[in-house]
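Per the numbering used here, the very first residue in the sequence shown carries number 46; after that it's consecutive.
Just so you know, these hints were derived from the structure itself, not from any lab. We treat Cβ as the ideally placed atom computed from N, Cα and C, and that holds for glycine. Among the hints, a few may not be true.
[To be verified] What follows is a set of in silico ranges between Cβ atoms, one per label pair, in the way DEER data are often shown:
1) 119 <-> 156: 32 to 38 Å
2) 132 <-> 246: 38 to 44 Å
3) 119 <-> 263: 46 to 52 Å
4) 70 <-> 171: 17 to 23 Å
[To be verified] With a cut-off of at most 30 Å between alpha-carbon atoms, the simulated DSSO-like pairs for lysine-lysine come out as follows:
5) 264 <-> 147
6) 134 <-> 166
7) 257 <-> 166
8) 206 <-> 278
9) 158 <-> 171
10) 62 <-> 206
11) 147 <-> 214
12) 264 <-> 234
13) 206 <-> 158
14) 288 <-> 62
15) 206 <-> 264
16) 214 <-> 234
17) 281 <-> 257
18) 197 <-> 171
19) 296 <-> 214
20) 296 <-> 134
21) 257 <-> 269
22) 214 <-> 277
23) 296 <-> 62
24) 62 <-> 130
25) 62 <-> 197
26) 206 <-> 171
27) 234 <-> 277
28) 171 <-> 296
29) 269 <-> 158
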Amino acid sequence: MPNNLYCGIPIPTIKIKSTAAEIEQQLANTVEDVNGNKLVEVVLENGDNVPAIVGTEEGLEKIGKSNTKSIFANIDDYINSLTSKSARKKIRANIINLAESKDIAIAFFNNNKNSFEAIYKNDFDKWYDDVFLNGLKKNPAAFEAHHIIPVKVLEGNDKLKNLLFELSKDHPEVTFNFNEIDNGMMVQKKSIKLEVDGHGNHPEYDIAIDTKINLIIEKAGNEKIEAFNQIKKLIKDTKATLKNEVLLGTKNVNDIINF
46 MPNNLYCGIP IPTIKIKSTA AEIEQQLANT VEDVNGNKLV EVVLENGDNV PAIVGTEEGL
106 EKIGKSNTKS IFANIDDYIN SLTSKSARKK IRANIINLAE SKDIAIAFFN NNKNSFEAIY
166 KNDFDKWYDD VFLNGLKKNP AAFEAHHIIP VKVLEGNDKL KNLLFELSKD HPEVTFNFNE
226 IDNGMMVQKK SIKLEVDGHG NHPEYDIAID TKINLIIEKA GNEKIEAFNQ IKKLIKDTKA
286 TLKNEVLLGT KNVNDIINF
């Protein structure tokens, strides 16, 4: 770990493969929470990529002591903290340098080597810096951060809003970072001019995932944790679908409607 910082992985037997330098690089590009902590993605000894909270000892202690009820007087304040323009705009910076996002970049590059041959000569690192990280318009594709559960869906879904707010009060150990990798994924930007499928307006996607979320919550009844776990599974499955059918396929995000 970087000097004077601690990692919020509570099981001491877990060994982290990520180096201090790799973690420091993520920390430099990640926004702090109110306690001065940052969410990064670390690689465990077994190869799994997992999120971890990194901060000072004092900052990490504040997580357990924080009281959401005292911070957010009502559900509207809570939801606004997730969906405000300033909050949702941070998702790209929060996820673009994570290992999960770099895996996306590698998969896309390898799937489109012929398109990049003339400019990049199979030089992934140069393409990664020029296109994936910076999104230069002159290149075949730029990348945008996609909210798996879109902002409009959260704003308009009372069942989901109530679930997340109640969990934040009653189960502070349950975390859902709406504008981070928990709910985010890098996807190539759709361009009609460049004939690139990908991320653009997606009203049909919104309707379909909103309907699925309602079904999950209704089926779970009073089992809030079960509903939350099923929603996390929905997000994970949707990421896989987007990778296979949009990132590596020929569909747009708006074509993904079977949840």
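These are the hints, each one checked on the structure:
no., hint, result
1, 119 <-> 156: 32 to 38 Å, "violated (46 Å)"
2, 132 <-> 246: 38 to 44 Å, "violated (21 Å)"
3, 119 <-> 263: 46 to 52 Å, "violated (24 Å)"
4, 70 <-> 171: 17 to 23 Å, "holds (18 Å)"
5, 264 <-> 147, "violated (36 Å)"
6, 134 <-> 166, "violated (33 Å)"
7, 257 <-> 166, "violated (43 Å)"
8, 206 <-> 278, "holds (18 Å)"
9, 158 <-> 171, "holds (13 Å)"
10, 62 <-> 206, "violated (37 Å)"
11, 147 <-> 214, "violated (34 Å)"
12, 264 <-> 234, "violated (35 Å)"
13, 206 <-> 158, "violated (42 Å)"
14, 288 <-> 62, "holds (25 Å)"
15, 206 <-> 264, "holds (16 Å)"
16, 214 <-> 234, "violated (37 Å)"
17, 281 <-> 257, "holds (14 Å)"
18, 197 <-> 171, "violated (35 Å)"
19, 296 <-> 214, "violated (39 Å)"
20, 296 <-> 134, "holds (25 Å)"
21, 257 <-> 269, "holds (16 Å)"
22, 214 <-> 277, "holds (19 Å)"
23, 296 <-> 62, "violated (36 Å)"
24, 62 <-> 130, "violated (35 Å)"
25, 62 <-> 197, "violated (38 Å)"
26, 206 <-> 171, "violated (42 Å)"
27, 234 <-> 277, "holds (25 Å)"
28, 171 <-> 296, "holds (26 Å)"
29, 269 <-> 158, "violated (45 Å)"
Hint compliance for this structure: hints 1, 2, 3, 5, 6, 7, 10, 11, 12, 13, 16, 18, 19, 23, 24, 25, 26 and 29 are not met, and every other hint is.
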